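Colleague: Please work from the sequences and hints to get the whole structure.
Each chain, letter by letter, is given below.
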Amino acid sequence: MFKIFEPNKIFQITSKASKYVLFLFVVVLSVGLTEALILSPEDYKQSDAVRIMYVHVPSAWISLGTFSSITLLSIFGFIFKNKNFFLIAKSLAPSGFVFNVVALVTGAIWGKPTWGTWWAWDARITSMLILALFYAIYLISWRIYEDKEKVFKISTFITILGIINVPIIKYSVDWWNTLHQPASISILSKSSIHSSMLFPLMIMTAAFTLFSLLIFLMKYNTELIKIKNKGLDRL
Amino acid sequence: MINELLFMNGYGAYVLSAFGFTLVSFLTLYLITKVQFIKEQNKFVAKFGLLNSEKAKYAKSQRINKEILANATNN
Numbered sequence: 039m040f041k042i043f044e045p046n047k048i049f050q051i052t053s054k055a056s057k058y059v060l061f062l063f064v065v066v067l068s069v070g071l072t073e074a075l076i077l078s079p080e081d082y083k084q085s086d087a088v089r090i091m092y093v094h095v096p097s098a099w100i101s102l103g104t105f106s107s108i109t110l111l112s113i114f115g116f117i118f119k120n121k122n123f124f125l126i127a128k129s130l131a132p133s134g135f136v137f138n139v140v141a142l143v144t145g146a147i148w149g150k151p152t153w154g155t156w157w158a159w160d161a162r163i164t165s166m167l168i169l170a171l172f173y174a175i176y177l178i179s180w181r182i183y184e185d186k187e188k189v190f191k192i193s194t195f196i197t198i199l200g201i202i203n204v205p206i207i208k209y210s211v212d213w214w215n216t217l218h219q220p221a222s223i224s225i226l227s228k229s230s231i232h233s234s235m236l237f238p239l240m241i242m243t244a245a246f247t248l249f250s251l252l253i254f255l256m257k258y259n260t261e262l263i264k265i266k267n268k269g270l271d272r273l
Numbered sequence: 002m003i004n005e006l007l008f009m010n011g012y013g014a015y016v017l018s019a020f021g022f023t024l025v026s027f028l029t030l031y032l033i034t035k036v037q038f039i040k041e042q043n044k045f046v047a048k049f050g051l052l053n054s055e056k057a058k059y060a061k062s063q064r065i066n067k068e069i070l071a072n073a074t075n076n
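Residue numbers (this note's numbering), protein chains in the order written: chain C, 39 to 273; chain U, 2 to 76.
Derived from the structure by calculation, the hints contain no laboratory data.
Source: prediction; values computed, not measured.
Treat the hints with care, as some may be off.
Unchecked claim - BS3-like cross-link-like pairs, simulated, lysine-lysine; straight-line CA separation at most 25 Å:
# : chain 1 : residue 1 : chain 2 : residue 2
1 : C       : Lys186    : U       : Lys44
2 : U       : Lys48     : U       : Lys58
3 : C       : Lys264    : U       : Lys61
4 : U       : Lys56     : U       : Lys40
Modeller: This is how it looks when you write it as structure tokens:
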């Protein structure tokens, strides 16, 4: 059923794809930075501080999306007894964690000029910090346990616990009174953000997604070579 | 013009440090991942070189091993 996910077939693609993804990332990031730092307008309330949004928001989106993907892959891996799903999940985690940290740090930098503080224990910020902790525990679990079956079980359990936090992050601004503003962009209803700001935001999101893909490809190839190294030892 | 771009109505330090932190994080993650990849690839090539001709022939019959070796020589 999942023959398409066989490492031999995937490696053929992933080993060649990373250099093209890197090239595309550099091009899209250059356009994104020009739009975000120079061409996009300043906000009538926040002035130029709004430009932090172009790194903060895509980072938060990608860290949430990556954690959701890791959870789904881990559950599928567990149900279908497919080790490659776990390998893909493990390879996604480092970039997801870094995007989570970037979202927290850039959020703190944005908070100082707009709220007058670097940090507040409000629902959105605290739940994002908890997500970073889940990422860290997930990554550490892969380092601690040698037994593969054990690490598959434990890492899946961590992601299932962590995924409970994802809807809390999403709806925290609606459920509680927070310093953090509600979502300006919605797929189902009209977004409250002007197209002159939406365009650079989408370009930066595309660039960050490409970076996440690049790190995933490199990490996945590294994991496959690690397995093959063990295979050579057994020969 | 450049001063205006850097000053950003007094928010330049915040904006540029946010962008700077992001790009430095990206570069660090990229370099760490690249170093890990090259290390594993070199380990593979070294181990492959230690195999006798029969074992090397068997190992090379696996497509993925051939790909790793080809990539290592291309890099």
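Colleague: Please write out, lowest number first, the hints stated earlier that are contradicted by the structure.
Modeller: Those not satisfied: there are none.
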